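Q: Each chain, written out:
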Amino acid sequence: MNAPQTLNLRINGESVPASALLHDTLLTVLRDRLQLTAAKRGCNQGVCGACTVSVDAQPMRACLSLAHNCEGAEVLTLEGLNNDPRMQALQHSFARAGAFQCGFCTAGMLVSARALIEQNPAPDDAAVRSALSGNLCRCTGYVKIIAAVQSAAAALREEVAAS
Amino acid sequence: MSALQGFFRPKTVAEAVALLAQDPDAKPMAGGAPLVAMLNARVIEPAALVSLAGIAEIQGISVLPDGRVRIGAFTRHRDTAASPLLAGTCGAVKHAASQIANATVRNMGTIGGSIAFADPGLDYPPALVAAGAEVEIAGADGRRSVAVRDFFVDWYTTALEPGEMVTAVLLPAPEAGAHGVYVKHARVAGDYATASAAACLAKDGSVRVAVGGCGPTPLSSDEANAILSADRSDASVAKAGALLEALADPLDDVRGSADYRRILIPRLLRRAVRSVEGQA
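Top to bottom, those sequences are chains A and B. Just so we're aligned, residue 1 is where the first sequence starts under our numbering, counting upward by one. Just so we're aligned, residue 1 is where the second sequence starts under our numbering, counting upward by one.
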């Protein structure tokens, strides 16, 4: 019988008990049990990237990760990155560049973009396109999103140079 | 309501195959894409899942004492795409890994899960055929290995018997001066291949090629390889392309018509051969 079982997940640096059915995805647990709704349920098929979260420091699809398989992993969602300097720079530059319209893809874009500039502080446009190629946006045409990631990366480089 | 009644996280291959032997409706799970996507869409309803994520023995890439390269089944595409051990003709496999889907999916997907899925539009199969790979399989009765050409049997069908799982992919020892490439044609970045071609060029000039996305299993031909090993002129590449095209049995689907895929075969083959020559 597939009754809910209590899992001990590590989410945003804290141990979080969560109730999950065997087939529940990490996305279902985040959104429907823990009310962490930054990650969005778009296609639920791993195609659109709206559900992107960081698992063990790599962007992954929350909709393709079974919650029971995530015990022991460090999960980071946008909610846990409020005080992260890279995320703050990205959020600021997305707002300034107008890098969204409906905003549905934005949380996933931000998680993917943060992983990119963590690994590569000075990406060229091709690297930004490649890093975001798993995040679909149906509104913007991507140009402003790429500009926003570049301006956040530049601002972070300036901060490092000034410190 | 899902039929899923068990979720297991074994630590060894022996534990995993014992769990698979116990329940014929249990399925092994590697990176989860596309298995969880099919679960979400209720296309499959396994009774139990055996997660292979905790099995250290099937993770990572290593060189065996005889020089062959072993890619553990649970090695993620990201790591295969970045491995310095995949030199020589193994480069075709590394090159294919770098072109799978997108960066996020490459963080999740594994080589064992990919080839066990055996979708004709996958990137690894033609690269593995051109590179002359073997697939190591574990079951309740022990281990066996099969040539990758015999591993892919039909649409979404492999040589895996019920209760078996892929444990590794084995590649011939890389030699200096050898090269391998994978050329993919897709509608948009991140899609499955409409058609693809892999080419490996050994130090002695021998060539091995394979075509993906144009039939239930990768296309390959000893005769085409012999022609290209003797001569790589445009006329020879065209002759080899025609031989592979004659073996094709492509689908008409959303990624392209069967006729379009047939047209792509000699063109992708030429591109792959010229590209691997360019590395030499």
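Hints in this document: simulated from the structure, not taken from any laboratory. Bear in mind that the values here come from a model prediction, so they are computed numbers and not experimental data. Idealized CB from N, CA, C, for every residue including glycine. Treat the hints loosely; a few may be bogus.
What the hints assert, rightly or not - Listed next, the stretches of chain B that the computed footprint assigns to chain A, with coverage defined by at least 3 CB atoms under 8 Å from CB atoms of chain A:
1. 8 to 14
2. 143 to 156
Claimed, not checked - Taking beta-carbon pairs under 10 Å as the criterion, some of the chain A residues facing chain B (in silico):
3. Pro17
4. Ala18
5. Leu22
6. Thr25
7. Gln45
8. Gly46
9. Asn69
10. Ser130
Said to hold, decoys possible - Partial list, derived from the structure: chain A residues whose beta carbon lies under 10 Å from chain B:
11. Gly108
12. Pro121
13. Ser133
Q: Does each hint fit the structure? Answer for all of them.
A: Hints and how they fare:
Using a Cβ-Cβ cut-off of 8 Å, 1 residues of the region 8 to 14 of chain B lie near chain A, which falls short of the minimum of three, so the contact claim is violated. Only when three residues or more bring their CB closer than 8 Å to a CB of chain A does the claim for the region 143 to 156 of chain B stand; here the count is 0, and the claim is violated. Given hint, proline 17 (chain A) at the interface with chain B, is violated; its Cβ is 17 Å from that chain's nearest Cβ, farther than 10 Å. A cut of 10 Å between beta carbons decides the hint on alanine 18 (chain A): the least distance to chain B is about 15 Å, and the hint is violated.
A least Cβ separation of about 5 Å between leucine 22 (chain A) and chain B falls short of the 10 Å threshold, and the interface hint therefore holds. Checking threonine 25 (chain A) against chain B: minimum C-beta separation of about 6 Å stays under 10 Å; hint holds. Evaluation of the glutamine 45 (chain A) hint against chain B yields a held restraint, the C-beta minimum of about 5 Å falling below 10 Å. Hint status for glycine 46 (chain A) relative to chain B: holds, with the closest Cβ pair at about 5 Å, below 10 Å.
At about 5 Å, the closest approach between the beta carbon of asparagine 69 (chain A) and any beta carbon in chain B falls short of 10 Å, and the interface hint on this residue holds. For serine 130 (chain A), the interface hint holds, the least distance from its beta-carbon to any beta-carbon of chain B being 6 Å, beneath 10 Å. A least Cβ separation of about 9 Å between glycine 108 (chain A) and chain B falls short of the 10 Å threshold, and the interface hint therefore holds. Interface hint at proline 121 (chain A): violated, since its Cβ lies 17 Å from the closest Cβ of chain B, which is beyond the 10 Å cut-off.
Look at serine 133 (chain A): its Cβ gets to within about 4 Å of chain B, closer than 10 Å, so that hint holds up.
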